[in-house]
Structure formats: C-alpha cells, structure tokens
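Visitor: Protein sequence lines, in the order shown, are assigned to chains A and B. Residues in the first sequence are numbered consecutively from 96, following our numbering. Residues in the second sequence are numbered consecutively from 996, following our numbering.
None of these hints come from the bench; they were simulated from the model. Be aware that one or more of the hints could be misleading.
Claimed, not checked - Derived, one-sided and incomplete: chain A residues facing chain B with beta-carbon distance under 8 Å:
1) 134
2) 160
3) 370
4) 374
5) 448
6) 449
Said to hold, decoys possible - On the chain A side, residues computed to face chain B include the following (Cβ under 10 Å):
7) 110
8) 118
9) 332
10) 342
11) 373
12) 377
All residues carry an ideal CB built from backbone N, CA and C; glycine is no exception.
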Amino acid sequence: MSPFSVCLMAIVALAILGLPVGYAMIAGSIVYLLVAGQDLSIAAEQLLQGLRGSFVLLAIPLFIMSAELMNVGSLSNRLLHFCNAIVGRFRGGLGHVNVVQSVIFAGMSGSAIADAAGVGRLIISLMTREGRYTRSYAAAITAASAVVGPIIPPSIPMVLFALVSDASIGYLFLGGAVPGLLMAAALMALNSAMARLRGFPVEEAVPLRAVPRITFRAFPALMMPVILLGGIYGGITTPTEAAAVAAAYAFLISLVLYRDVTFAQAYEAVLTSARSSASIGILIGGALVFNYVVTIENIPADLSAFLADYELSAVSFLLMVNVILLILGCLLEGITILLVIVPIFIPMAQVLGIDMVHFGVVVVVNLMIGLITPPYGLLLFVVGSVAEAPLLAIIRDVLPFLAALLCALAIITFVPDVVLWLPRLLGYNG
Amino acid sequence: MRGRLLKLAGWLRRRAENIAAALLAVVFVSFILQIVFRYVLGWPVGWTLEVSTLAWMWLVLWGAAFVVRERDEIRFDILFSTVSPRLRRGFVVIAGVVLAGVFAISLPAVVDYVTFMRVESVSYIDLRLDYAFSIYILFALAVIGRCLYRIGAALQGKSPETADLALHREE
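I would like the entire structure built from these sequences, with the hints used as guidance.
Guide: Below, the structure is given as structure tokens:
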C-alpha cells in the first residue's frame, strides 16, 4: 500500500472516530511522513510557515471579530428597524425584512453562522411573536437568507478560496455581488408566494414620515458596507486591511458612538472571536500540512491527466463538481471541503480553461447551500436552537427555499456572465 | 483537594483566555497601525505586518492548545454522535492514542527543527525564529496532555462531553 493511501485512510478513520478534522489531517500527514520515511518535523514546519506566511488569512479573525462586535451592541437592532421601515409593509413583510437585513448585514460580517446566530436571533423572535409566523418558517427563512450572506462581499469562504486558488480576493468578492442579489431576489419572491398561500399577516406599515428618523438611527450601521467595499474598490485598502477597518469601525460605533456595549461584553466578543479563529485556524493548519502531502505526491497532476483521458468538457466538469460538492455538503462542513477537496479540483478547472473567479463563486455558492442541506446543514442546527423549533419541521419549511437556491446555483454555473459581468466592468481581464 | 484542583484549572483557563484575547487584540491593533502608518502618515513600516502574522500564528496554536473547547471544534460527528456511549468512549481511546502517539513520536524532530531555527530571525522586529516557533512545542505537549486526559476519563467511564476541562468552569 502506498504511503499516500495510508495517509488518506488514517485521516478518514480518525475523523470518523470523532477527532476534530484539523487534528485528523495533521495526524494523518505525520503518519504519511513516517511511512514515507521523511523528516517528521515537516508537518510542524508546513503549519508554522504556512500560518505565518499567508497574509490573506489575517482577514479571517478580523471579519469574525467585526461580526461578533456588531452582534453584542444595538447595531443589529437599528438595522432591523431600518429594514422593517422599508420592506415590512408588504405581505409577508418580516420575511422580506429577514432577507434584506441579510443582504445588508452580509456587507459586514462575511460569515453565515454569525449572521444567523446574531441578527437571526432578533428577527426570529420578532417573527414568532404572537404566533404571526410559525417557528419553523421563521427558522427556515433565516437559514436560507443567511446562506446569501457570504456570497455577497465580504466573505470568509471567498478568502479561503483565494488562499487555495491564488485568485484575486477583490475580484472574487465582486463576482459574488450579482449572484448574491439574484439569490436574495429569489428568496423574496418565494416568501411573497408563501405569504399569500399560507396567509401570513401584513404588518402595520411604518409611517413614511418616520422613515428618515429610523434611517438616521441606522445610518452608522448602513455606512459599514460603504466603507468596507468603498475601501476595497476605491483601491484604498486591500481586502485584508478592509477587514481590520471593519472591525475598528464596529468597535468605534458600539463603544464610542452608541455606548451600549460594556467593556465586559466587548471582552467576551473578542474572546469568542479568538476561540472561533483558533478552531478555524487549526483546520487551516491541518489543510496546509495535508496540502504538502498532496503536492509531494503530485495528486493534482495525476487527476488532471485522468480527466484529460475522459475528455470532459468545461460544462460537464462544472456539473460534476456541483454534484460532488452538494453530496459532500450533506456530510461535511463547508470550510473542510473548501480546504481539502476543492484544491484537488482547481488544477483541473484551470486545464479546462474555467475562469477562477467564476469557479470560486460557483464553489462558494455550492458550499453555502450545503449549510442548509439536510441532514448535516450546520445552519439548520443553529436556527433550530435559536427558534426552538424541531429540526424536521424546519427541514420541511426550508425545502422550497433550497429548491430556489439550487435554481440560482444552476444559473450561476451555466451563465458565467452573471458572475463575471461586474468584475469585468471594473477591470478584471478574465 | 479535587475542588481546589478544579478551581486552579478554572483560574488557569481564564488566564489562557486572557492571553488568546490579547493575541487577537495584537493582530488587530498592529494591523490598524499599519494602515495608519501607510495611508495616513504615508510612512510604510514593515514590523506591523510581522507582528500581526506572528500573533495570528500564536493565536491559532495557543488557542487550539488551551482555549478551544471540545464543543467548539470542527468535527465530522455523524457517526460519533449516534453510537452508544460505550462505543463512543472506545472511539475516544483509539483516536486519542493515535493522536498522542504521532505527536509524541514526532516531538524530538520538531524540537530539533525549532531549535535549528535560531539561525533565522524575523527581519524587522529582530525576534529569533526559535522563540517564535517554540509555541508549536507547547501546542504539541498540550495535544498529548489533552489526549491522555480524555483517554483517562473515557477509561473511567465518563462521557467525552464531560471530559472537557473547559466545562468545569461553567458547572
């Protein structure tokens, strides 16, 4: 048996036995070094040098921190009032509010889980008050709209894709904008139809003359995406620096301007961010080590050669990738797939002449949909515990949304212009 | 005695959390300084970037060693969460022995590598790389220690969820 197959088997076995995926990859790679008779310190070297050398990775703790800081203050609440004033007046209004706030909030946090656990909590309690919407529907639409978050820039998964593919983060972010809005529109259309069908209540409309005041109250929060994306596309800051600016801005408005966050709450937010950064970080570390093994073994080249034998076209390749990722998405967590499985596809995509920005957006959309695919959709568990609704009921209510998002995925996959139009408009030559 | 030990463990854990939070704060502040230096003062400096990448590397390894709780870990738990508690304890023992084993076997080579790195230093802040990289040794020791603790707990018949040092604080 070759050292590489021993390594793969060790990783899979250890992960199934319940070891965290990052540790399983580190351990499996050390097993590889042992069997292949290489220096055992290579695992440590790859991990240390990889973490120290990848500048783009710094965006991850910073985006996590800005999301946590926004979640503790009244920032999310003000944003919610603003969305309610704008779209709450239509039938199924709070459902629309849910989607719109996801789109705006997405311009800040970059993480679907933070989105669902933070603002999601507020809106679920709003929707279920006095039994206006069923708990499971509130949970389902919150999960579905949180999926849109990391498609619209900024986005932690896109940062990770940039890491494994060397594609430009700035253009990847831009590439997600139109597909993200398309998906949000699909969700809102579906929500409208459901509201009519199931007779959801119409909220009392916020009087128009109150709108300026509510907008003013939410203004600092609304400026966040402007600062962030303006900074990146005005050529002022790199995406990583923009993440730091976002965190600083969240800190400033919560602690100085609104003064509704205590020092203890701020510390708790920083600690929570440090904790999630470390658990994602060790997974990235494991992927860095495993990636060394994959490279040494020349796996991508072998797979590309295998692919060339089958004379796969770009379209059928994308279709195959989508099916594989959707199936894996039912079983594995998104970041794991992104760091372990996706790197294998990247050289093949390059051979087939698929644009990396297009491919990145397809992959990320796919993985985000995986977050709400039963049985292992992480977001389903998050909203389930927030809404206190049984998982099965949520799954039943999430299925129509899932179908809508899958249609959007098909469009994004087969019409690359949906993704590439905006980046090209702003100077991308792909 | 046991109560006192748990108290000590809780105290140590809170200090470890202080350090993790501080490391994230360092990542953040040095990044902000870098932006201020470069865009506001027009005076690019190199050390800020080095400090933030080093702090990030430390944050990951320090956090993974002492701050991340079992329930925060990203794992593939479809099978793990459905088998009987008895079998699950068996899983913990096997996985723990393998993980602690490979970390222990590679430890001498890792120590060699880290001490060898004293020949290099981080360019701007003039920090010797063996100091910077020594965090990995600490991490490896913590991984081995945690594995042994979990194996011990599993052999005594405790479920993996309660075999988490971190949980004692909340109880």
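Visitor: To test your reading of the hints: which numbers does this structure violate?
Guide: 5, 6
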